[in-house]
Each structure stands twice: as C-alpha cells, then as structure tokens.
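**Q** Residue strings, one per chain:
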Amino acid sequence: MNSDVLKGPWDIVVVGGGNAALCAAITSAEEGARVLILESAPKTYRGGNSRHTRNFRCMHEGPLSVLTDSYGEDEYFDDLMLVTKGKTDEPLARLAIRSSEECLPWMEAHGVRFQPSLSGTLSLSRTNAFFLGGGKALVNAYYNTAEDLGVTVVYDAEVTHVHIEGDRFTHLEAQVGGKSHRIEAKAVVLASGGFQSNLEWLTRAWGPAAANFLIRGTPYNKGAVLRDMLDQGCESVGDPTQCHAVAIDGRAPKFDGGIVTRLDCVPFSIVVNRDAERFYDEGEDVWPKRYAIWGRLVAAQPDQVGYAIIDSKSIDLFMPSVFPPNRADTIEELGAQMGLDGVKLAATVSEFNKACRTGRFHPTELDGLATEGLAQPKTNWARPIDTPPYYGYQLRPGVTFTYLGLKVSETAQVHTASGPLSNVWAAGEIMAGSILGQGYLAGFGMTIGTVFGRIAGREAAAYVN
Amino acid sequence: MSIDLINEARRQTEICNACRYCEGFCSVFPALTRNKMFTDGDITHLANLCHNCRGCYYSCQYTAPHEFDLNFPAALAEVRQDSWERHAWPQPLARRFHESGVAVAAVLIVGFVVLFGMLQTFRPASGEGFYAYLAHGAMVSLFLPAFLLPLLSVIIGLRSYWQEIGGTRIRWSHIKGAGLAAARLKNLDGGQGQGCNFEHEDRYSNTRRWLHQAVMYGFLLCFAATSAGTVMHYVFDMPAPYGLFSLPKLLGVPGGVLLTVGCVGLAWLKTKADPSLGAARVWGGEMAFIALLGGTGATGLALYAATGTALVPVLLAVHLGFVLVFFLLLPFTKMIHGFFRFVTLIVEEQKRGA
Ligand SMILES: Cc1cc2nc3c(=O)[nH]c(=O)nc-3n(C[C@H](O)[C@H](O)[C@H](O)COP(=O)(O)OP(=O)(O)OC[C@H]3O[C@@H](n4cnc5c(N)ncnc54)[C@H](O)[C@@H]3O)c2cc1C
Ligand code: SF4
Ligand code: SF4
Chain A
1 MNSDVLKGPW
11 DIVVVGGGNA
21 ALCAAITSAE
31 EGARVLILES
41 APKTYRGGNS
51 RHTRNFRCMH
61 EGPLSVLTDS
71 YGEDEYFDDL
81 MLVTKGKTDE
91 PLARLAIRSS
101 EECLPWMEAH
111 GVRFQPSLSG
121 TLSLSRTNAF
131 FLGGGKALVN
141 AYYNTAEDLG
151 VTVVYDAEVT
161 HVHIEGDRFT
171 HLEAQVGGKS
181 HRIEAKAVVL
191 ASGGFQSNLE
201 WLTRAWGPAA
211 ANFLIRGTPY
221 NKGAVLRDML
231 DQGCESVGDP
241 TQCHAVAIDG
251 RAPKFDGGIV
261 TRLDCVPFSI
271 VVNRDAERFY
281 DEGEDVWPKR
291 YAIWGRLVAA
301 QPDQVGYAII
311 DSKSIDLFMP
321 SVFPPNRADT
331 IEELGAQMGL
341 DGVKLAATVS
351 EFNKACRTGR
361 FHPTELDGLA
371 TEGLAQPKTN
381 WARPIDTPPY
391 YGYQLRPGVT
401 FTYLGLKVSE
411 TAQVHTASGP
421 LSNVWAAGEI
431 MAGSILGQGY
441 LAGFGMTIGT
451 VFGRIAGREA
461 AAYVN
Chain B
1 MSIDLINEAR
11 RQTEICNACR
21 YCEGFCSVFP
31 ALTRNKMFTD
41 GDITHLANLC
51 HNCRGCYYSC
61 QYTAPHEFDL
71 NFPAALAEVR
81 QDSWERHAWP
91 QPLARRFHES
101 GVAVAAVLIV
111 GFVVLFGMLQ
121 TFRPASGEGF
131 YAYLAHGAMV
141 SLFLPAFLLP
151 LLSVIIGLRS
161 YWQEIGGTRI
171 RWSHIKGAGL
181 AAARLKNLDG
191 GQGQGCNFEH
201 EDRYSNTRRW
211 LHQAVMYGFL
221 LCFAATSAGT
231 VMHYVFDMPA
241 PYGLFSLPKL
251 LGVPGGVLLT
261 VGCVGLAWLK
271 TKADPSLGAA
281 RVWGGEMAFI
291 ALLGGTGATG
301 LALYAATGTA
311 LVPVLLAVHL
321 GFVLVFFLLL
331 PFTKMIHGFF
341 RFVTLIVEEQ
351 KRGA
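Residue numbers (this note's numbering), protein chains in the order written: chain A, 1 to 465; chain B, 1 to 354.
Please keep in mind that the hints were generated in silico from the structure rather than gathered at the bench.
One or more of the hints may lead you astray.
What the hints assert, rightly or not - Chain B stretches covered by chain A per the calculated footprint, using a threshold of three residues with CB under 8 Å from any CB of chain A:
#1 52-61
#2 95-106
#3 188-196
We put the CB at the ideal spot given by N, CA and C, even for glycine.
So that you can see chain B by itself, here it is in the shape it has in the complex (with noise of 0.2 Å):
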C-alpha cells in the first residue's frame, strides 16, 4: 500500500523536477531540486513539508486530463498521512480514528461516562472549585497517565521517523530555524505572503493561514494556562479556582477563544475545499478531530462562565471528557502532524545545511 503512494509521489516528484515552475511557492521545491534520485526517505520527508497550500496544483499545467495526471498536494498528503500511521505505536490503534470521526465520537462517548461515573464516585466531602465536584488525587490519578502515555507513543513515532527520513545530530541552529519557520506558519504564506489556493480555488486567501495560527496560538496558550496552574499548585502550594486575573486565566481565556474560534473556521474552510487535492480518506477523522480540539476549548470557556452556577459539574464533566480525549487520541489523530511538521523542518534544516 505505501509503497505505490510512494511510487506516484515519486513520479510526480521527477516531473516537478523537470520542470520547477513552483519553486517559489514553499519549501518543497527548492528541497527537492537538490537530488536527481528520490529514496522512499526523500519522498517522505518532503511529504511532510508540503502544507497542502494548493498553489502548486492550482498553477499546474499537467493536471488531469493531462496524461502526466499532477496532482502534487494529493500525492504528498497521501504519502504524509501514510507516514503518520506507519510510524504510530501502537500499530493497531494506527489508522481507525484518522479515518474515521464515527470512531473519535464513540471514544468521545465513553470519555464523558468515565468522567460522569468519576463525579459520581469521587465526590469529595469537600474541597473548593473544581475540586468540590472532584478529588484531586483521583483527576491526578487520570490524567497523568492519560498524558504521558501519548506522550511516549509520540516519542516511539518520531524516532523511527527519523530514522526513515535520515535525521543526523541535531544543533542548535537547526531547532532555531525550524521554530522560526514554524512559529510564523512560514510555508503557509504561498511564499510572498499572497496565503494559499484553499477556499476558493485559484484565487490566493490568506483565511487558512490566520486561522490555523489562531488555532496554535490558542492551542499553546491553553496548555501553558494549565502549566501554570500545575506550577502553582505544586510549587507555589496557590490551588485553584482561580481569579479572572491569575495567570492560568489570563493564558486560558484568549487561548480558548482563539481555539475555538480558529476550530470553527477551519471546519467551515474544509467544507469549501476540494477533498480530491488532500488524502481524501480522512476527510472525516479530520473534521472530527478539528470538533475535538475546538470542543475542548469551547467547554473550557463554558465551564468558566458558569462559575457558581449549578451547571458546574455537568459541564466539567464535559470538558474534561474532552480534555481527556484530545490527549489520548492525540497520536492517532491530526494533532500528530505538529510533531512531524517540526521534526522535518529541522531535518530539512540539516539537509540545506549539508
């Protein structure tokens, strides 16, 4: 199976090669131009360059009907997602809720009744805010694993990505450049700033690229809010609730919004695309998992605003099944590409370099 989207990657490759019409638009061109000869490493590794701006399909002379039937962004996600899944451990969690957000809502599912049942029976005697409702040796006891175990699996993927892409000792100046060019979504831009060939086909909208930094941004924001919070509870001996004006709201708030905005927009951006210029396959998955990340952080905000009323525990149930979740599904689900995305573009910064 991999092999033949490798195949027809390369084909593909060889003709771009020839033919180097798109070299502006990202990284992927001037990448491929250094080889002659592409090994399946080499295909895979540009592969998870390519952020499927489209540019190079829209401007693409050889499109089906052609004969030469280029498809650049298709093959690349074909052969990206592949990656995601061959190298996730453990295999037989590797491809069902990718493929399938039918399979994301039933763990969804069993998150909220774990969460509802968890209420029920570790209802302290007291305790102040959330740890009323919940004790918190018992959400410790939950979410620590349900954090590290991801966590790991992820550290098993990346090595023996790796290995396939040919990852040499990494320096520093590898990791600066790579997180400069992640941290300004750097290849999104079509490569003059004009953004990408999205949701309205031929025409250039920099929509996509906006939101999917709200989505990061608000993504990193919420996950340092409850870093924050950890180090003051643990450290600092400050437990929560916390005020409006503590640092674990004022990272949360604005990052919940800007989750929750930025997962609306790119679900409605999907609806516009066409689903033949991406791995078609895991349409669903991926709108699933953008309801997943959005979800958490729309019952995050939710959750706040009812302080003190009676909703309190109906909707921490709900959004630390969502919480849950998100962190268990994270290897095997979209939330995976980031960590792919950022071990590449350091690879890449070794090849240029070499």
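Chain A with its partners taken away, still in its complex shape (with noise of 0.2 Å):
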C-alpha cells in the first residue's frame, strides 16, 4: 500500500471493516463523503465477526422477500425483554425494530442477496432473514458496492488512538504495515467491533478461567479503540464482566471457528463434568431458548470443560458436527477415552437410566419426559442412554462477543459525562451493549450494526456536507 493514500484528505474515517463500518461508510460516500476504511485484519480475515453471520432479524408487517408471515414491532420487541429481562434502552431498541423492516431492500440494493431458510432452521423462517453465501458474502457485496463508490479501504491498519480535544475528534493513529501514521479526517465513525478477543481483557473480568475459552470469531477484535475512547471520558453501557458464551466443540480452534463448531445435542444426551458428574437440567427447555446459557456453565465447571454422552437412539436428532464424536461399545470405554473415569461415568449414566421412566418421546417439543428421584433432574427427553454405539462431545465455552460497549444516542453519537462528541460517531458491536445489556436474541447483532451503521454514515455526512 502507498502511505500517501492515508493523508487524504478524508472527509470520513471508519475505523472497522464489518457490516456495521460496511453500512456506514456506503451510506456517507452515497451522500458524497470522502471515506476512508481502516481494517484491522488482512484482506482474506476482512469483516470481523460479520463474516460468521448467517442471518439478521427483520420486523415486517407482511411476507417481505423470503421472510414469511408477518412479525411486528411489538411481538419483536417482547421477544428482545425476554432474553435481556428487561436490560435494554427502549428508544434505542424500539428505533433499531422499527428501521430493521427498511433495511432489508436496501441492504438488496446493495448487493446482499437473501435465501430461504436453512434446512434444520425452518422454526426462524418468519422473523430472521438469511445470507445467500452466508456473512462473507455479504461482506463482499458491501466491498464492492464501497469500491464502485469510491470508497478506499486499507487492510492490515489496526487503530491504536483516536485523538480527542475538548468535544472533538481531531485524528487519529493507525499501525499500517508495521509504521505508525497519523491520519486525519473531518469525521470518524467507530465500528471496531467488541473486545472478545483479548484474552488478557478477558482474563481480567472472568478470572483464570478465561484462559480455557474459545473465541467463536474474529481474533481481530481486541477492544483497542474501545478501551481507549473509555479512557477518554467516554461513557459505557453494558456489563464489563459479562460475555456471551455458548457451548461449542472442545476441539473447535482457538479463533474463528464460527457456526459449525456449535453443538446441538445437549437436549438428547446427559452432561457431566471432568469429574463424571451431572451439573444442570439438560432437557429445561426447547435447545434454540437454552442453548446460550451453556457457555456459562460448562464455564463454572473445573477446567472449563464439560462431556455430552448420547447415544445411537439419538445420534441423528441433531445436525451433523464438524469433528465426529468419540465412539465407543461401553460407556467405562467411552469415558477412558475422552479422558474420564470410565466407572464413575458408567456408574452415572446407570444412576440417570433407573430415573427415567416411560412414556412419549418427542425431539421437537416439551415432551414432559423427566427423571424421577434425582437431585439434579432432567426435566424433557430423558431417556435412558442404552443403545450401543455410544457417542460423546467434549464441550468449551465459546465466546461470541462482549457486552461492554460505547453509550450513544439515537442518532449514533458518542457520549462523555459532559455531553455527546461533536463529530464521532459508533456503530455496531462496540455499542449494541445500549441495547443488549444481557442474552442475545438471534439476528440481532446485524439488525443493530445495519440500522446504527447507516445512522451514523448519514449523521457523519450531514456533519461534513
């Protein structure tokens, strides 16, 4: 790259390179802006955790492209109190419902291409709206669409200060090939994502533990503009110590595993921890309303670790993983295997089977199945875990994002004690903490970077037009 192109001048600076910078940066070169996009990740890593997605959450008030039906602001706005009891800012949310239904043509316009809902995911076919190709296509398509409006993007540019006096961005500094540079511009709009992928941050707000965790995306999102726009007075929203986590495959990698390495055979099987032992209701509730709580769990367990056994009754109720499980004739054999002791396994396994009782199994509702007797009971699909061939996942906690973010205003500015920066602006991620103070409703986190992103890009033009 020719340093000269970061002198600019720059009318706009996005610092990011997902949807959220992707939507505001399209939206100011529309309204003519000069904009310049740093990323921090190489081209081939380019678009952070957006690249992951599959999806994004819609209100429409009739069939709306592939979405079915219809799904209203207020039936959508339950759906978010429920999963964030009630920790969310209700303007803020309310503005992101209401202009979800608008972005869906135009993110057709440009570029994104939606599908059907996926095979096995039909239950989200009304309210969530898929990427034909995925999140990376969808990246790709705001790639292009920012390159044919003359939009210039820089890779491998991590953000390291965005310089603030008195109420005012003034510039900012960038490692772009190894060099340190200062670029201004007249405006700048932050969508540098959370800080997951700090492991030291991490570290610092759960404990030790955190260094067990596995990062679903991006390893590109460390927080850095985050950290340093608090340091400067600016005001957060969310929890600091909180962090969304799943359980995902114990082999998944360390980063940007992403979708396949999710595992879906909690309901259907027994979950012990590195001691053999059962820790939680695994059958509590249908597998999309619990899956997230499993992060947190298998998190409290020693060594952060937790074992999923099932066996061949079940094997084929959930989708497929992308490791196969250990595989085994007995349980005492499948337990050494995976690096327990098999006879307290088989001894627990036993226990669980004597509290099942019989009665209708059905995989894809509450089917009232319980154990009867046990202290730590299974309240859905308990049914004896019999059948040889028997299957087992090791689980790890698997972190999607953060929750700690910048507090903004409805029209995507950034905020100190003293009132909001007069030309910054933040979208996405780093703060959708205003929104989803706890728990995660699916699709949301691109409704939030769509919907901010284009408000901060038309905010940022009109400051500089």
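Using the hints, put the two standalone chains together into the complex.
**A** So this is what it looks like as structure tokens:
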C-alpha cells in the first residue's frame, strides 16, 4: 500500500471493516463524502464477526423477500425483553426494530442476496432473513459496493488511538504495514466491534478460567478503540464482566471456528463435568432457548470443560457436527477415550437410566419425559442411555461477543459525561450493549449494526457536508 | 490417489454439512444435507453435480489460511476429474488427453495428415461438392467407426459410473427433470440468476453461463445439421452440397457461429479465472479441448465461406481433421463432462424422489 493515500484529505474515516463499518461507509459515500475505511485484518480475514453470520432479524408487516407471514414491532420487542430480562434501552431498541424493515430492501439494493431459511432452521423463517452464502458473501457485496462508490479501504491497518480534544475528534493513529501513521479527517465512525478476542482483558474480567475459552469469531476484535475511548472519558453501557458464550465443540480452533463448531446435542444427552458428574438440567427447554446458557454453565465447571454423552437412539436427532464424536461400545470405554473415569461415568449413566420413566418421547417439543428422584433432574427428553454404540462430545465455552460498549444517542453519537462528541459516531458491536444488556436474540447483532451503521453514516455525512 | 481426493472432499463436505450457509447456490448443498455420512459414491455424485461456479469459495469463511482450509470447488473438481478418468475405457487412454494440450495437438496433426493423405489417395474421378475431393465411400469408412467407437467407449464408462453413484431404474420423470435442468444450465445461474464467481473473483457474472450456453446449443445445432444431412442423403437421396436455405445449412451456420464464439469466449474467461479453484492439473488439456471444439466450428464455417474457391481441398482436410479428432478423443477430453453431468442429474432426480 502506498502510504500517501492515508494523507487524504478525508471527510470521514471509518474504523473497522465489518457490517456496521461498511453500512456507514456506503451511506456516507452515497452522500458524497470522501471515506476511508481502516480494517485491522488482512484482506482474506476482512469483515470481523460479520463474516461468520448467517441472518438478521427483521420486523415486517407482511411477507417480505424471503420472510414469511409478519413480525410486528411489539412481538419483536417482547422477544427482546424476554432474553435481556429488561436490560435494554427502550427508545434505542425500538428504533433498531422499526428501522429493520427498511433495512432489508436497502441491503438488497446494495448487493446482499437472501435465501430461504436453511434446512434445520425452519423455526426462524418468519423472523430472520438468511444471507445467500452467509455473512462473508454479505461482506464481499458491501466491499464491492463501497469500492464502486469510491471508498478507499486499507487492510492491515490497526487503529491504536482516536484523538479527542474537548468535544472534538481531531485525528487518529494507526499501525499500517508495521509503521505508525497519523490520519486526519473531519469526522470518525467507530465500528471496531467488541473486545472478545483480547484474552488479557477477558482474563481480567473473568479470572484465569478465561484462558480455556474459545473465541468463536475474529481474532482482530481486541477492543483497542473501545479501551481508548473509555480512557478518554466516554460513557459506557453494558456489563464489563459479561460475555455471550455458548457451549461449542471442545476441539474447535482457538479463534474463528464460527458456526460449524456449535453442538446441538445437549437436550438428547446427559452432560457431565471432569469428575463425570451431571451439573444441570439438560432438558430444561427447547434448544434454541437454552443454548446460550450452556457456555456459562460449562465455564463454571472445573477446567471449563463438559462432556455430552449420548447413545445411538439419539445421534441423528440434531444437526451434524463438524468433528466426528468419540464412539465406543461401552460407557466405560467411552469415558476412558475422553479422559474421564470410565467406571464413575458408567455409574452416573446407570443412576440416570434408573430414574428414567416410560412415556412418549418427542424430540421437537417439550415432551415432559422427566427423570424421577434425581437430585439433578432432567425435565424433558429423558430417555435411558442404553443403546450402543455410545457417543461423546467434549464441550467448551465459546465466546461470541462482549457486552461492554460505548453509550450512544439516537443519532449514534458517542457520549462523554459532559454530552455528545460533536464528530464521533459509533455503530455495531461497539455500542450494542445499550440494546443488548444481557442475553442474545438470534440475528439482532446484524440488525443493530445495519441500523446504526446507516444512521452513523448519514449523520457523519451531514456533518461534513 | 483417488481415495485421497475423495477423503479430502469428504472432509470438506462434512464441514459444509455442519454449516450450510451456501445452501442456496446450487443443487450440491441440498443434496449433501440428505446425509450425515458420505460413501465414496455419494462424494463422486456430489462432485459431478458441481458446476464449479465458485460461489461457495468466495463466500466461505473457512478458506485458507484458516485451518479448515476449505476450497470446495477445487476439492469437487479433483474428484470429478478423477471420476471421468477412472471410468474411462480403455484405461490406457484415460488421462493423457485431459492433462496434456500437447497430446491433443499431436493427435490433431496426425488427423490432418491422415485427411490430406486420403484426399490425395481417394480423389474420385467425378463427384459433386466435397465428394469431388473425397469419395463418399472413403468418407463413410473413416467416420462411421470414428463415431461409433467413441460412443461405445462412453457407454461403457457411463455404465460403471452409474453403478458407483447408485443409479436405479430410470423413469420418464427423471429424464424430464434432468433435461430441464441441463437445458437451462440451471445450476450455473448461482441460485438466483446472479451467475457465478468466475472471472471477477467475488463479483457475480453471467458471462460464463451465456458462453457455455452458446457452446452447448452451437454444438447441438452442428450435430443436428450433420444428422439432417445424413438423413437427406440416405433417406431422401439428396446428397450434398446443400444451399444456404437447406436444413443442414440453416442449422449448421448459426451452430458454427455460436460454437466458435462460445469457445473463444470460454477460453478467454479461463485465462481470467483462478486456476487453483478448479482441477489445476488439467488446465492445459481443457484449453486444448476448447480450441479443438472451437476449431471444429470455425473451420466448418471457413469451409462453407470458401465454397467454389481453390481453398476448398485444404480447408476440407483441415475441417475433417478437426471433426475426426474431436470424435476420437471425445471419451478422453472435457467433452465427456456433458455425459456424466446428464447421468448425474438423472440420478439426482432419483435420489431426491427417494
Ligand atoms: C460465529 C458467530 C455467528 C454469528 N451469527 C450471527 C447471526 O447469524 N446474526 C447476527 O445478527 N449476528 C450474529 N453474530 C453476531 C455478529 O457477528 C455481530 O453482532 C456483528 O457482526 C457485529 O458487527 P460489527 O460490524 O459491529 O463488528 P465486526 O463485524 O466484528 O467488525 C469489527 C471490525 O473492526 C475491525 N477492528 C477491530 N479493531 C480494530 C482496530 N483497532 N482498528 C481497525 N479495525 C479494527 C475488525 O477487524 C473487524 O473488521 C454472530 C457472531 C459469531 C461469532
Ligand atoms: S463452503 Fe464454507 S460457507 Fe459454504 S457451506 Fe461450506 S463451509 Fe459453509
Ligand atoms: S462451486 Fe458452485 S456449483 Fe460447485 S458446489 Fe460450489 S456453489 Fe455449488
């Protein structure tokens, strides 16, 4: 890269290269602004966590593109309240929800293609619009659109400092090609995601257990800009000690394992810890409603590891896994294969089996087939594990994102204690904590990024024009 | 060798099956979600369903340098290529022409020599049109076996391929479904008409689909023209030469134009596309095959244009040389893909119904 391009002159510099950044850059460029995108990842890994996504959640009054039926504002908001247990900023949340409807045609007009709900995810066909080819295809489409609009993109460009004087951004500092550069612009949009791939920060928040966490998405979201802004007095939202974590295949790579490492077997298994003991009701609710708590459950176990044990009756009841499971003809052997005390595991299984009752088993609904007399019951889908071969999956916590973020206004402006910064906007994961204070609603991350990315782009362009 | 290719494709197939983000691109993904485990035959079947549109490469979050190292279009292309070679008969000819453009060119030269020789040797005392240069009997005794032997070879190959991928009893509905998909090159439309990711990396384009369509219909028209000529000769006793407003010419001229333009275009596209997303080892052989096919069309047109001039004998030898070599090499070049693809579409209809 020729470092002269960094000199500009630039109207707007966008920090980050994921969905929120691209929506902002495209919107401002369409308003005639000269826009520079600084993406810390190399080109092959551009697009942050957005490249791992599959859909976004979209309000709609009637059938819209691939979405069936209707999904109104109140139902959407109720769904959000349910998962966040009220930890949300209602005006911002409603703004995101209401704006999501016009996002879909906007996305299509800017190159995104949708496809019907993927096989195995029919339950989402009303609420979530799936991207053809997934998030990376979406990101590619946006990069092409941005390029056609004259936006300049610099890869391998990590922003280290965003300089604020008084209530104004003046310039920023970035490492580009191993050298530090000072880059000036009239306005800045911050869209650099959360800090979930900063293991040091996670360890500070979570303690040493965080060393055993796997990060489901990009290794480039280290929160450097978030940290820098907080240090300069910007207001924060969201719990600094929480992250969204799900239980994923323990053999997944440390970073970027993405969607394929998820495991949907828990409701049909028993899950034990390192000591071959069960620790939670595996059948509490249908999996889409429970999968998000299992990350934390496993994180709380010794060595942050769990083992799902299942028999051949149930092995075909869930989406295929990316790595083949361990497999053995006896429970003892399976335990030994997985590094557990096989005799103890067999005892746990047989105690569980004795507590199972006969009754109707129904894999896709709460069937009430519960154990009897166990201190730790399984309240649905409790069938004895008695049909070899037996299978086992190791589970580890996989971090999706962190909740701590920058506080923003309805115009996506970043705030300090003394009011909004005049030329700094934020969009996407870096400000999502306002709306998603806890829990997660599938597809809402991309909605927040698209809605606030477009708002930030529009506001920043209006400011510089 | 081939088991490594199949294992690699199986590894990637299993990752895709846990992901499914590419489901809407083509029929490969809906087909793979039918299974959790994949036999060798399943993998070969999937490979022959793939059109190498590359949509699933450019939108994959797991391509190198990611440790999952996905390159699904290439993995399937390798298995597919290998399946054509494994089922080819006779085996000693299986690989050479796929891999080596030079080998194709060498056979072509031999073809020219043979034709020039025949023109020298079998020049009749009288005759009209082309038969003034090469006696009808000589032409038939050369081209009849040159057409039937490759056909036999293709049938033998397809039979064994059919068994490998688990074909069952054919019903009319299977053929109809397969025929419709093939006629529209449905799978090259990218699932939504946006086309493939061939010559502009992650930007979609329909150029490849249109050019391939031109080649396919151009070839079929030329073939129909030849068949029409044959019928007119034997059934209606109307031997060549034919005027512009005769069936062979009305079919053959547009066919030749489509075939030539399509082949030039496809060759040019191929130079723009990333070879590492296909079966890289056969790049040269594929280029030679495109030249052979396009050359057949172009020399046919040239021959027609030269009617009545002194160039006719030379062009006749060159054109017939192209036609001869095209047919002889048919089971051992890229041309075979059309046959395998069609059979695969039939079996896919069967598996979907099952
Ligand atoms: C496996 C997985 C699947 C998911 N699936 C879905 C889904 O289906 N639907 C959904 O709505 N949400 C999903 N999410 C959540 C979703 O990914 C996020 O909510 C969304 O991508 C956030 O977009 P963003 O643009 O804010 O951040 P990102 O897309 O993460 O982009 C941040 C960008 O900033 C860059 N960056 C970071 N630091 C710097 C710096 N200092 N300087 C310059 N650049 C920097 C990064 O390289 C990256 O390009 C999923 C998350 C994961 C991990
Ligand atoms: S090619 Fe990649 S993105 Fe597409 S289905 Fe396979 S793993 Fe998923
Ligand atoms: S290359 Fe195209 S046709 Fe082949 S599997 Fe991928 S998306 Fe399907």
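**Q** Which numbered conditions among the earlier hints are violated in the structure presented, ordered from lowest to highest?
**A** Hint 2 contradicted; others consistent.
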